[in-house]
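There are 2 protein chains.
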Amino acid sequence: MHEMSSSMVTRLINEMLEGNILSLARLVTLIESEDEATPRIMKSINAHLGKAYRIGITGPIGAGKSTLVERLTSLLRGQEKTVGIICVDPTSPFTGGAVLGDRIRMQKHDLDDGVYIRSMATRGSLGGLPKTIHGVIKLLDAFGKEMVLIETIGVGQTEVDIMQSSDLVIVVLVPEAGDSIQAMKAGLMEIGDIFVVNKADRPGAEDTLNNIKAILKLNAERSNYDIPVVATEAVNNKGIKELYGQIAMKRQLLINNGQFAERRRKQRQSEFIETVINRITSDVINRLTTDAILSRYKEDVENGKLDPFTAANEVYKSIALNGKP
Amino acid sequence: MHEMSSSMVTRLINEMLEGNILSLARLVTLIESEDEATPRIMKSINAHLGKAYRIGITGPIGAGKSTLVERLTSLLRGQEKTVGIICVDPTSPFTGGAVLGDRIRMQKHDLDDGVYIRSMATRGSLGGLPKTIHGVIKLLDAFGKEMVLIETIGVGQTEVDIMQSSDLVIVVLVPEAGDSIQAMKAGLMEIGDIFVVNKADRPGAEDTLNNIKAILKLNAERSNYDIPVVATEAVNNKGIKELYGQIAMKRQLLINNGQFAERRRKQRQSEFIETVINRITSDVINRLTTDAILSRYKEDVENGKLDPFTAANEVYKSIALNGKP
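In order, the protein sequences belong to chains A and B. Once you know that position 143 of the first sequence is 143 in the working numbering, the rest is easy, because the numbers rise by one and skip nothing. With positions in the second sequence counted from 1, the corresponding number in the working numbering is that position plus 1000.
Calculated directly from the structure, the hints in this document are not laboratory data. It is possible that some hints are incorrect.
To be verified - Covered stretches of chain A (in silico footprint by chain B; criterion: 3 or more residues with CB under 8 Å from a CB of chain B, positions within the stretch not fixed):
1) 13-20
2) 304-312
As the list claims (entries may be wrong) - Pairwise CB distance ranges (calculated):
3) B:L1022 with A:E314: 28 to 36 Å
4) A:A261 with B:D1226: 54 to 62 Å
5) B:T1010 with A:K266: 43 to 51 Å
6) B:G1304 with A:V235: 38 to 46 Å
7) A:L49 with B:I1021: 30 to 38 Å
8) A:P203 with B:A1261: 48 to 56 Å
9) A:L22 with B:S1282: 37 to 45 Å
10) A:E314 with B:A1121: 23 to 31 Å
11) B:A1121 with A:D201: 34 to 42 Å
12) B:D1283 with A:R251: 32 to 40 Å
Since the structure is predicted, the reported quantities are computational estimates derived from the model, not experimental observations. All C-beta atoms in this analysis are idealised placements derived from N, C-alpha and C, irrespective of residue type, glycine included.
Same shape as in the complex, but just chain A (with noise of 0.2 Å):
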């Protein structure tokens, strides 16, 4: 990685506070890579947060979501608000930018100055959210972003992540036999604050419809929550305006009974947690491979000379934490 001069930092955080886009790019690509710069940028940029309402929008693959997004950008637009949009993909090494194929369609908005959009890759290559993404939405808050959309495929370990990134989440589903109950199944009724039944033209949409409530119901600690099932047509433009009012109406539900900010806190603290944990986790890999007594242990177990775990336990013991147990 190329090293950059703090005074050059220094220059993109103030262009990108006055609203370069361009600076803005380059400083999201320094907290990608987890620059070394990344803690100055962190800390410049804390007094300019607060502005940006974070909106987590899953589903399974298939359900349309990158066209729901674009719709939502459309209309937001239209009400001359900001948006930032952060794509979170499963990046495969050799399907490259074919999976990415549909992020194509919302090159329209690429042409306005008001929409900025990156596609993330995902944790380790496949599952979660990238460790840095809570870095890249601070960025597009500071940046003046009014809305942060974060769309996501919601399976696997994502689904924890998105809760402790957005303010709200939207899951998306499409009417097909049995997909409420496989949506039940990968966790997502859990995290929805309103949910979308998308291609709401094919048959059994109805039926969608009525089984994610009846679902919602069954949940003791959420049947007293209202939650939203609305219908769209994404392609169509159609039921967007709708979904919109809704989010407006939880969003400011949400504030007055107290779960924006207790939500804020949740992001703060996973935020906080995880870096310490990633830095920790980093730091073991590192050790595990270049101290000559620890790397032994490692080939030992890959040569099956030793249990796994019996060298874990040995290894473990020598590297454990500094201070106090």
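Chain A is already provided as a structure; the job is to place chain B on it using the hints.
The following block gives chain B in isolation, referenced to the frame of chain A:
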């Protein structure tokens, strides 16, 4: 957690090694709950490992993986092979038993002493394989199971995990418009040794088969590796013999070309590294809540008095690993 006496654990291990399935079940529970007896159990069974062949079976939700696993188990039992099955489910607090509905079909094997079935929850309640899965696989191995089938939902961190726990990976898809494209997006195309198009009586099955073959050819790294694509109808018990034929051939091939040994090496390595990291991570989380100074950082972050990233940096410095960096 009720603590177990040392002699009780020894008795359980001996009984399990003699074929007592109830003792096996109790040991699995101990491992799963990260009981302090774990190191002793792992050490005791180490000399009894090596017999079980580990097959990971993964694919999107709704592909019919459970039915396929059940049919494959019937076939294996017909050949007098003993089978262990680990079903990894994204169990959710409120859906509880309901998400396990399709496990009921597998109960026909419950009366068969040659089959042991265990459901495990995904890591952190949603994504990824449970961190204790290596231990449970090894228990099934020590118990004498010749085949261990590990069934998981294939999106997110799970793929990486399944590759690091299996000798052979089967990816199950269904013939649906764009299903193979979606699988590619989810990173599934890179991990399968064998692909299955289940529900092959549905329209579009032929197209899906051809699409998968075409995608596999696109991958420079994989195009020279012969990857069979098998059509099955698990509910009608069709194609299962063909699938097993491919498993047997691929198994032999991987032994001959040294890949089997290499995968075992990686399994040991991954168990080793993961165990170290999991233990250190628990320590970090523990310290952040119990240590007076560190928990004050956490509070200041939660209340917005301190920038999370800066606080994490400070905490990281004070709890860095022992020994030289």
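Status of each hint after checking the structure:
Counting residues of the segment 13-20 of chain A whose beta-carbon sits less than 8 Å from any beta-carbon of chain B gives 0, not enough to reach three: the coverage restraint is violated. Chain B is given as covering the segment 304-312 of chain A, and this holds because 7 residues of the stretch bring a CB closer than 8 Å to a CB of that chain, at least three being needed. In this structure, L1022 of chain B and E314 of chain A meet the distance hint of 28 to 36 Å, their C-beta atoms being roughly 32 Å apart. Distance hint check: the CB atoms of A261 of chain A and D1226 of chain B are about 58 Å apart, consistent with the given range 54 to 62 Å.
The supplied range of 43 to 51 Å is met by T1010 of chain B and K266 of chain A, whose beta-carbon atoms lie about 44 Å from each other. Judged by the Cβ atoms, the range 38 to 46 Å given for G1304 of chain B and V235 of chain A holds: they are separated by roughly 41 Å. With their beta carbons about 57 Å apart, L49 of chain A and I1021 of chain B fall outside the hinted range of 30 to 38 Å. At roughly 52 Å, the beta-carbon separation of P203 of chain A and A1261 of chain B lies within the given 48 to 56 Å, and the hint holds.
Range check, L22 of chain A to S1282 of chain B: Cβ separation about 43 Å, and the 37 to 45 Å hint holds. In this structure, E314 of chain A and A1121 of chain B meet the distance hint of 23 to 31 Å, their C-beta atoms being roughly 29 Å apart. Distance hint check for A1121 of chain B and D201 of chain A: the Cβ-Cβ separation is about 37 Å, which falls inside the suggested range of 34 to 42 Å. Between D1283 of chain B and R251 of chain A the beta carbons are some 39 Å apart, a value that agrees with the proposed interval 32 to 40 Å.
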